[in-house]
Each structure stands twice: as C-alpha cells, then as structure tokens.
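Residue numbers (numbering that gives the first Met the number 0), protein chains in the order written: chain A, 0 to 162; chain B, 0 to 174.
Worth double-checking, as some hints may not be accurate.
[What the hints assert, rightly or not] Derived pair list, reagent style DSSO-like, types lysine-lysine, alpha-carbon separation capped at 27 Å:
| no. | chain 1 | residue 1 | chain 2 | residue 2 |
| --- | --- | --- | --- | --- |
| 1 | A | K95 | B | K11 |
| 2 | B | K17 | B | K95 |
| 3 | B | K80 | B | K11 |
| 4 | B | K17 | A | K79 |
| 5 | B | K171 | B | K109 |
| 6 | A | K151 | A | K79 |
| 7 | A | K16 | A | K85 |
| 8 | B | K102 | B | K11 |
| 9 | A | K79 | B | K162 |
| 10 | B | K95 | B | K109 |
| 11 | A | K85 | B | K162 |
| 12 | A | K95 | A | K147 |
| 13 | A | K16 | A | K151 |
| 14 | B | K171 | A | K85 |
| 15 | B | K80 | B | K159 |
| 16 | A | K95 | A | K85 |
| 17 | A | K95 | A | K79 |
| 18 | B | K11 | A | K79 |
[To be verified] Footprint (simulated), chain B over chain A, 3 or more residues, beta carbon under 8 Å:
| no. | region |
| --- | --- |
| 19 | 49-63 |
| 20 | 74-82 |
| 21 | 117-123 |
These aren't lab readings, by the way, just hints derived from the structure by calculation.
Positions of the beta carbon are idealized from the N, C-alpha and C atoms, including for glycine.
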Amino acid sequence: MGLLDREFSDGNIVIAKTEDLLNWARLSSLWQLSFGLACCAIEMMATSASHYDFDRFGVIPRPSPRQADIIIISGTVTLKMATRIKRLYEQMPDPKYIISMGSCSNCGGPYWEHGYHVLKGVDRVIPVDVYVPGCPPRPEALLEGLIKLQEKIRHETLRKKTA
Amino acid sequence: MKTPGEIFEILKEKFGDKITGIETELPVEPVISVDPLAIKEVCEFLRDNDDLRFDTLMSLAGVDDANGEKTKDEDGYDIIKGGTLSVYYHLDSIQKGHKVTLKVSVEREKPEVESVESVWRAADWHEREAFDMYGIVFLNHPDLRRILMPEDWQGHPLRKDYKNPEYYQGMKVPY
Numbered sequence: 000m001g002l003l004d005r006e007f008s009d010g011n012i013v014i015a016k017t018e019d020l021l022n023w024a025r026l027s028s029l030w031q032l033s034f035g036l037a038c039c040a041i042e043m044m045a046t047s048a049s050h051y052d053f054d055r056f057g058v059i060p061r062p063s064p065r066q067a068d069i070i071i072i073s074g075t076v077t078l079k080m081a082t083r084i085k086r087l088y089e090q091m092p093d094p095k096y097i098i099s100m101g102s103c104s105n106c107g108g109p110y111w112e113h114g115y116h117v118l119k120g121v122d123r124v125i126p127v128d129v130y131v132p133g134c135p136p137r138p139e140a141l142l143e144g145l146i147k148l149q150e151k152i153r154h155e156t157l158r159k160k161t162a
Numbered sequence: 000m001k002t003p004g005e006i007f008e009i010l011k012e013k014f015g016d017k018i019t020g021i022e023t024e025l026p027v028e029p030v031i032s033v034d035p036l037a038i039k040e041v042c043e044f045l046r047d048n049d050d051l052r053f054d055t056l057m058s059l060a061g062v063d064d065a066n067g068e069k070t071k072d073e074d075g076y077d078i079i080k081g082g083t084l085s086v087y088y089h090l091d092s093i094q095k096g097h098k099v100t101l102k103v104s105v106e107r108e109k110p111e112v113e114s115v116e117s118v119w120r121a122a123d124w125h126e127r128e129a130f131d132m133y134g135i136v137f138l139n140h141p142d143l144r145r146i147l148m149p150e151d152w153q154g155h156p157l158r159k160d161y162k163n164p165e166y167y168q169g170m171k172v173p174y
C-alpha cells in the first residue's frame, strides 16, 4: 500500500495528503455489488471463494447497489438486461467503478455477429474502467483487473474522477 | 408399447382427415402430421386413451420451414412470402414406454394453432417461447405473451427472414 507501512513507525503519527488517504481508503475496500450474469459469474464466484480470496483485497459482495463501490459486469449483457444494468449503475453512490469481465461484456464476444439479443459491449450503456479479456477469464485475470483498477484509484485527484 | 406406425393407424381411424399424414423417410423417428385446429382433441385422445397414455409432453418447438417464395430486400436480407411455419410435439408415455412425434404446419401469414396447454401444463411456457421466437399464435392459450425477449420487442427473431433492428431503446444493436 505504501501509505501506512512507511509512516507508522514514527510515534504513531501518520502524515499523508488528503488525496492519498482518501484514495488508499477507497482502493482498499472496494465493496462489490453481488451481481452475476453468465459463465463469467462462476469464475467471479471462484475468485471470491477461499482459494483466490477476493476479500484479501477488501472486496466484499454487497446485496444492494446503494452500498456498493464497484460493479463487475460478469457475463453476456442482453439488451433486456442492459436496461437493468443501467438502473443498477445509477443507483450506486459515487465514487463508483466498473470492471467489464470477459469477451461478452467487453465487445459482445461470440455473439458479436448473430446475437440479436446481445448488447455488443457494456460500454455502450455505462462507462467502463477496466476491461478483463478472456472467455471466461481465469480468477487470476480478474484479480489482475482489480489490481489495475486499484492502481487507477491510487492516482485519482479530488478535482477530477479519472477511474 | 406401440410403434409410431400403429399409433398413426389408431389416430387415422379415430380422426380421419384431421390426421394428414406420416413421414417415415426421415433419419429420426416418424412424424405424424395433424390439422392445426384439431391438435388439442388429438392430444387429449393420446393422453386419455388406455392403449396410448401419453402422459408427458417432452418438448414443443416451433420451426420456420422457410419454404415460401424468397426475395431479397435492398440490404440483402431475405424476405419470405407464403410457405409454412411448423410446431413439433414430442410426446412420451412413461406408463407404456413409447414415444411419438406430432407436427402441425400453418401458413406463414396466418400462423394459428390450437393450444395444448389444457392437456399438458408443460406446454404453457413452450408455446410462449414458440410465439416469442416465431410469432405462432396459440389459440385459447391463457397467457400468450413474450417469454424471453423484452415485451416491447418488435418482430420474432428466429424467423429466417428476421431483420435485427438498428436500435433498441437508444442502444445500438449491430456490432
């Protein structure tokens, strides 16, 4: 993390910039909306389970969008579902982040040509921060995506949301 | 236990002209063709007859036969006029251990089939799916509305001449 472990030795006083402190707090407790769509959701569940342990990065599934910081779009986004995803995203409080997981939600995946019912990329309805490729991505890939998102949050400023 | 041929003979004797034929030259099991407006009484008979006892509807599926007159529109999409849409019924008798396949064919421009929902409750959602995907109307169905596509969707996606819309609720559909 770089924030606490450097500065705690000196008399239990932490000196940090407000931005660093806020960013550190945000990236260390990314509460995830428990929301899964297709086969990618199975990999996401495996990532949450004990072997890969999402919790060690501070990712805890929350059952309500009002309590969530991050939504992982894990699977095929149908047009019918896209309207619901948009609503869920709008219900989340700021700051909010999105990981698009797997080919389907990145660009339509195997349904890109003949999927009359599939939205060809979730970024057509909501802004995506990190794209994780794969069909489905392995848990390691999703963890990598999460770390990438944490890197983005670490360099955010108060003036402008970049992630 | 009866073969599809024997079942066809029983049905032909009971319903006469309403049983329009049997196709045996198929790589799969024979298919008995039935009049679309008589399918309910035929199915009721198949279920209740002591020798037949078809207690299970394994599957009900729509098919676009695409056997009408084909032309192309300016974008290269097929337009099909005339011909038929079909519904296939796969029946199974757990008590007697035999199976049979029924088929009804209806005109593409007026696809109306009698519902068998009152014979087997399993037909309810299957018929809604066939309606959703092919636009086949099941007469006397208690709740015939789309089951998979959104309720405000236009068209029936599994028809061979289906044309995907450019936009749905402001979202671009093609890649």
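Quick rundown of the hints versus the structure:
Note on K95 of chain A and K11 of chain B: the hinted pairing is violated, with a Cα-Cα distance of about 67 Å set against a maximum of 27 Å. Proposed proximity of K17 of chain B and K95 of chain B is supported: the alpha carbons are some 25 Å apart, at most 27 Å. Distance restraint check for K80 of chain B and K11 of chain B: the Cα-Cα separation of roughly 32 Å exceeds the 27 Å cut-off, and the hinted pair is therefore not satisfied. Pair hint K17 of chain B plus K79 of chain A does not hold up; C-alpha atoms about 41 Å apart against a cutoff of 27 Å.
Simply put, K171 of chain B and K109 of chain B have alpha-carbon atoms about 31 Å apart, too far for the 27 Å limit, and the pair is violated. A distance of roughly 31 Å separates the Cα atoms of K151 of chain A and K79 of chain A; the hinted pair therefore is violated under the 27 Å criterion. A distance of roughly 34 Å separates the Cα atoms of K16 of chain A and K85 of chain A; the hinted pair therefore is violated under the 27 Å criterion. Taken as a hint, the K102 of chain B and K11 of chain B pair is honoured in the structure, with Cα atoms around 15 Å apart against an allowance of 27 Å.
For the proposed pair K79 of chain A and K162 of chain B, the alpha carbon gap of about 18 Å is at most 27 Å, so the pair holds. Proposed proximity of K95 of chain B and K109 of chain B is contradicted: the alpha carbons are some 37 Å apart, above 27 Å. At roughly 26 Å between alpha-carbon atoms, K85 of chain A and K162 of chain B fall within 27 Å of each other, so this suggested pair holds. For a cut-off of 27 Å, the pair hint linking K95 of chain A to K147 of chain A stands: about 15 Å separates their Cα positions.
Distance check on the hinted pair: K16 of chain A and K151 of chain A sit about 17 Å apart at the alpha-carbon level, within 27 Å; holds. The hinted pair formed by K171 of chain B and K85 of chain A meets the criterion: a straight-line CA distance of about 15 Å does not exceed 27 Å. Among the hinted pairs, K80 of chain B with K159 of chain B is consistent with the structure: their alpha-carbon atoms are about 11 Å apart, no more than 27 Å. Proposed proximity of K95 of chain A and K85 of chain A is supported: the alpha carbons are some 13 Å apart, at most 27 Å.
Between the alpha carbons of K95 of chain A and K79 of chain A the distance comes to roughly 23 Å, so the proposed pair stays at or under 27 Å and holds. A threshold of 27 Å between alpha carbons decides the hint, and for K11 of chain B with K79 of chain A the separation of about 46 Å lies outside it, so the pair is violated. Taking a C-beta to C-beta cut-off of 8 Å, the region 49-63 of chain A contributes 0 residues in contact with chain B, too few for the three needed, and the coverage statement is violated. Only residues whose C-beta sits within less than 8 Å of a C-beta in chain B count toward coverage, and the region 74-82 of chain A has 4 of them, enough to reach three; the restraint holds.
Closer than 8 Å: that is the beta-carbon criterion, and the region 117-123 of chain A has 3 residues meeting it against chain B, so the requirement of 3 holds.
In this structure, the earlier hints numbered 1, 3, 4, 5, 6, 7, 10, 18 and 19 are contradicted, and the remaining ones agree with it.
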